[in-house]
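> Sequence:
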Amino acid sequence: MTDAFFIEDVLQSDKPVLVDFWVAWCGPCHRPTPSLKATAAEHSNRHKIVKLNIDKRPETAAAYGVMSIPTMNVFVGGRIAKTVVGAKPKEVIELEPRDLLNV
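Numbering (this note's numbering) for the sequence shown: 669 to 771.
Note that these hints are calculated values from the structure, not bench results.
Taking lysine to aspartate or glutamate and the DMTMM-like style, the derived pairs with C-alpha atoms no more than 20 Å apart in a straight line are:
{"hint": "1", "residue 1": "K719", "residue 2": "D682"}
{"hint": "2", "residue 1": "K716", "residue 2": "D682"}
{"hint": "3", "residue 1": "K724", "residue 2": "D677"}
{"hint": "4", "residue 1": "K719", "residue 2": "D671"}
{"hint": "5", "residue 1": "K719", "residue 2": "E676"}
{"hint": "6", "residue 1": "K716", "residue 2": "D677"}
{"hint": "7", "residue 1": "K683", "residue 2": "E710"}
{"hint": "8", "residue 1": "K716", "residue 2": "D671"}
{"hint": "9", "residue 1": "K724", "residue 2": "D671"}
{"hint": "10", "residue 1": "K750", "residue 2": "D688"}
{"hint": "11", "residue 1": "K724", "residue 2": "D688"}
{"hint": "12", "residue 1": "K705", "residue 2": "D688"}
{"hint": "13", "residue 1": "K716", "residue 2": "D688"}
{"hint": "14", "residue 1": "K716", "residue 2": "E676"}
{"hint": "15", "residue 1": "K719", "residue 2": "D677"}
{"hint": "16", "residue 1": "K719", "residue 2": "D688"}
{"hint": "17", "residue 1": "K750", "residue 2": "D677"}
{"hint": "18", "residue 1": "K724", "residue 2": "E676"}
{"hint": "19", "residue 1": "K705", "residue 2": "D677"}
{"hint": "20", "residue 1": "K750", "residue 2": "D682"}
{"hint": "21", "residue 1": "K683", "residue 2": "D671"}
Label pairs and their calculated CB-CB ranges:
{"hint": "22", "residue 1": "G745", "residue 2": "N713", "range": "15 to 23 Å"}
{"hint": "23", "residue 1": "A672", "residue 2": "D723", "range": "17 to 25 Å"}
{"hint": "24", "residue 1": "G745", "residue 2": "W693", "range": "26 to 34 Å"}
{"hint": "25", "residue 1": "E727", "residue 2": "R747", "range": "16 to 24 Å"}
These numbers were taken from a predicted model, which means no experiment stands behind them.
C-beta atoms are modelled at their ideal positions from N, C-alpha and C, and glycine is treated no differently.
Given the sequences, and given the hints that come with them, work out the whole structure.
As structure tokens, this is what we get:
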């Protein structure tokens, strides 16, 4: 994800965008992936879900206060509307993307 992509597809989006801040070496960061993919497929007309690898884009993560991973931020109108930080149990992860995106 480039800075231009982040600006266009996240900050300027007309839909809510859930940004999953993660890194490949983080085990807990992989837990929400199946649920995020399912939610993205079910509701692509209502919102977007993107993953941002903070090892590759540390300045973007820092700009939005990401201090721990995994972190999921929902952006609405270019601003953070909701945030979830840390690993969660499977049951919570399965519900969170839908709940987060109900802004």
